[in-house]
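Student: Single-letter residue listing:
Number of protein chains: 2
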Amino acid sequence: MVGELASGVLKGDHRSLAKAISIIEGGGPDRRRLIQEIYPRTGKAFTIGITGPTGTGKSTLVDKTIEEYRKRGRRVGVLAIDPSSPFTGGALLGDRLRMMDHSLEREVYIRSMASRGDVGGLARAARNTIRVLDAAGMDVVIVETVGAGQTEVQVATAVDATVVVLMPQLGDEVQAFKAGFNEIGDIFVVNKADIVNPAKTMFNIASGVQEKKGWRPPVLKTVALKGTGVPAFVDTLEKFEKFLDEHGLREERMRQRLEAELVEAAFSDFYSETINRLKGEKSWRQLLGQVSRKELDPETAAGKLVKIIAGLDAGPNA
Amino acid sequence: MVGELASGVLKGDHRSLAKAISIIEGGGPDRRRLIQEIYPRTGKAFTIGITGPTGTGKSTLVDKTIEEYRKRGRRVGVLAIDPSSPFTGGALLGDRLRMMDHSLEREVYIRSMASRGDVGGLARAARNTIRVLDAAGMDVVIVETVGAGQTEVQVATAVDATVVVLMPQLGDEVQAFKAGFNEIGDIFVVNKADIVNPAKTMFNIASGVQEKKGWRPPVLKTVALKGTGVPAFVDTLEKFEKFLDEHGLREERMRQRLEAELVEAAFSDFYSETINRLKGEKSWRQLLGQVSRKELDPETAAGKLVKIIAGLDAGPNA
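Residue numbers (the working numbering), protein chains in the order written: chain A, 1 to 318; chain B, 1 to 318.
The list cannot tell twin chains apart, which means a pair is met if one copy fits it or any two copies do.
In silico DSS-like cross-links for lysine-lysine, where the CA-CA straight-line distance does not exceed 27 Å:
1) Lys294 - Lys11
2) Lys307 - Lys279
3) Lys213 - Lys279
4) Lys279 - Lys304
5) Lys44 - Lys11
6) Lys239 - Lys44
7) Lys44 - Lys242
8) Lys19 - Lys294
9) Lys212 - Lys242
No wet-lab data here; the hints were simulated from the structure.
The shape of chain A in the complex, shown without the other chains:
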């Protein structure tokens, strides 16, 4: 059944895509078999992460970017990450519905994914979803985050190109926002450039960016709602794609991401397999009792627990 599903994915069939991504989100054993099937057919799509504070118009920019890529004959897959913060849940629904216009087209596939739950689990599901979209023949895969929390930034930087979307400086806060951005962005976009003159914000961003291996992150302005600046934005994305390829950086970045991914996934699986066995360990129960009674401090106990963990067999599923 997974084999059938995989061939549906490779043909770019939307129903198979939906099913495959649900399997990946579910995290069950079929996930592994699905990835086994499709992985050899991945690596062609150019992956873009679009992040930045809420309210800067990222979704609208993504919409217009899809349209522009479509005009250029490129197939686009989009993965929208729902906020992980308990304080912004549910805000994406409107966006999702709005984006359905694109979903009707055969050459565009849009999917959203909730980021509640553990950070590692989401990052892993997002990476595998990108693989599915890649294997399905999408030329471009966009990962859009709703907010800019830690989880979301993590996902939006595990791609070929990270785009940071800001808006003209309306207060002191934007100044503060800038601080961490200059490290993660390959391209900066000042959207909603018609609200206030964006020149000062653009200058501030430009003076903060750092050249990385010969690429100086450009700062663009757009009014996504009207489509202004979007063709130039896509030009820049294509220029960056070419730059990465010409300098062998796409390969290099991919290998680095892969290494980090494998380590993360393996330690996460090790944890899941070990934690259950730990519950049955008498030595661990005794340790906890000693700390509760203040006979042992938590730091020393953690050291002892490391030894217990290292001594446990990782189990038959490892």
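Since the structure of chain A is already known, use the hints to place chain B on it.
Tutor: Below, chain B without anything else, positioned relative to chain A:
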């Protein structure tokens, strides 16, 4: 030297406190010895986490809460967690300086801690800092978060009482904020209650909260800037403290937190110790090569890596 420092902490000496918390933040080997020394003297302080979206006036509320507790003759320690998001860095400085007024008093100690870096590391440092303040004889330890990101919420819920600070509903966003809040708050405060009539917001919150083991989280209103409602807020905190003690819930919660803390700390230490040994492992390098060349998929490789990890010795420091 650590022994001397520990006795300074136990006497409540501010200079020793500052030094001890720096050692804890640094994460070096002295940290373990320090915790060993002070742990038997902990467990008396009532710990409070104050969280909620940015801009709701949490810092001002904390300031006034300190004053109120001081009037009641209780010693107060405050740990302010800087934002973890790269987009809000540095915002706390103003607050920090403002709070120095209190720091001059002998019976109040305020410290801030940056939440950049890994989530686990911060949570651990925060817990140990609470222990230091507790051992120093603080009756109340307040953990204040600047924002409400995942990390910050995690820290603000690892306490005896979690307070969620909101403000009167100014837009749709507050509605969305509510969703995750009802699960974490023991007490809700609608601050800035003089901007807009807070009745609707208070009603909305109250209808969303859930009774937990006989405690129905109350919804209070304050105008922290003027001190309005702060005595009633502290009354409620004291009432909750009494409630927890009378029902044995403080003990129970503490044991649950301890169990989670030990597991987290041990796996984190196991990771740190194993990752370095992994780098030298030939089998891991070979595995990575196979995945890069697409001879093996990442999910299968992660499974194989789990076995390599489980087979590694945890090292002499474990």
